[in-house]
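Trainee: Sequence:
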Amino acid sequence: EGEEWAPADGGERLLFSLLANVLIGVALGLVLAAIFALRHVADWRQGVVWGVGGFIAVNLAPAFGLPPELPGMPAGELLARQTWWLATALLTACGIAAVFLSRGMIWRVGGVVLIALPHFIGAPHPATLESGVPANLAADFATASLATNLVFWAILGILTAEIMARLARPSEPELA
Numbered sequence: 001e002g003e004e005w006a007p008a009d010g011g012e013r014l015l016f017s018l019l020a021n022v023l024i025g026v027a028l029g030l031v032l033a034a035i036f037a038l039r040h041v042a043d044w045r046q047g048v049v050w051g052v053g054g055f056i057a058v059n060l061a062p063a064f065g066l067p068p069e070l071p072g073m074p075a076g077e078l079l080a081r082q083t084w085w086l087a088t089a090l091l092t093a094c095g096i097a098a099v100f101l102s103r104g105m106i107w108r109v110g111g112v113v114l115i116a117l118p119h120f121i122g123a124p125h126p127a128t129l130e131s132g133v134p135a136n137l138a139a140d141f142a143t144a145s146l147a148t149n150l151v152f153w154a155i156l157g158i159l160t161a162e163i164m165a166r167l168a169r170p171s172e173p174e175l176a
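Position 162 of the sequence shown, counted from 1, bears residue number 162 in this note's numbering, the numbering being contiguous throughout.
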């Protein structure tokens, strides 16, 4: 049987990583643009708030159960981790929406329950946590990864809000 394709180390791997990151950024920007259109987000300040909300849902909340990990670190079964991460991100996003966008107390309490639920269930972990990766290196990597994602989401929120605001402005008539 043939081996699965993977980019070669070096420039090819860097190019495909860059392409994947840009495409994910564009896709997340389109999701924010749709939300901004529905919620009438008007300026960069609101964009930052929504961007930070995206960071909390997609990066921070899942990191409580599955922190960013370096190669060589022990990890649970891949499909179980991906499923838990996706469920956590979706439930956290819905929970944040319920807490901050609803008016009734029952919806807000329900939102908190949604945010907490995947953490009560627990993330899948390996049988052993022994690793050759130094703990301080793993902690520094997780911190740097989360900080980078926070900056990414804040910038994405600002840029998306500004682009949406420009598209909403009436255009100047052309002088012939």
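No wet-lab data here; the hints were simulated from the structure.
Don't take every hint at face value.
[Stated by the list, open to error] If you anchor each label on the Cβ, the simulated ranges turn out as follows: (1) 128 - 49: 26 to 32 Å; (2) 77 - 105: 21 to 27 Å; (3) 9 - 64: 18 to 24 Å; (4) 78 - 24: 44 to 50 Å; (5) 33 - 134: 28 to 34 Å; (6) 134 - 24: 28 to 34 Å; (7) 102 - 26: 26 to 32 Å; (8) 67 - 33: 26 to 32 Å; (9) 74 - 100: 34 to 40 Å; (10) 162 - 69: 22 to 28 Å.
If you're wondering where the values come from, they're calculated on a predicted model, not measured in any experiment.
Using N, Cα and C, we set each Cβ at its ideal position, and we do this for glycine too.
Trainee: For each hint given before, does the structure comply? Return the numbers of the non-compliant ones in rising order.
Mentor: 1, 2, 3, 4, 5, 10
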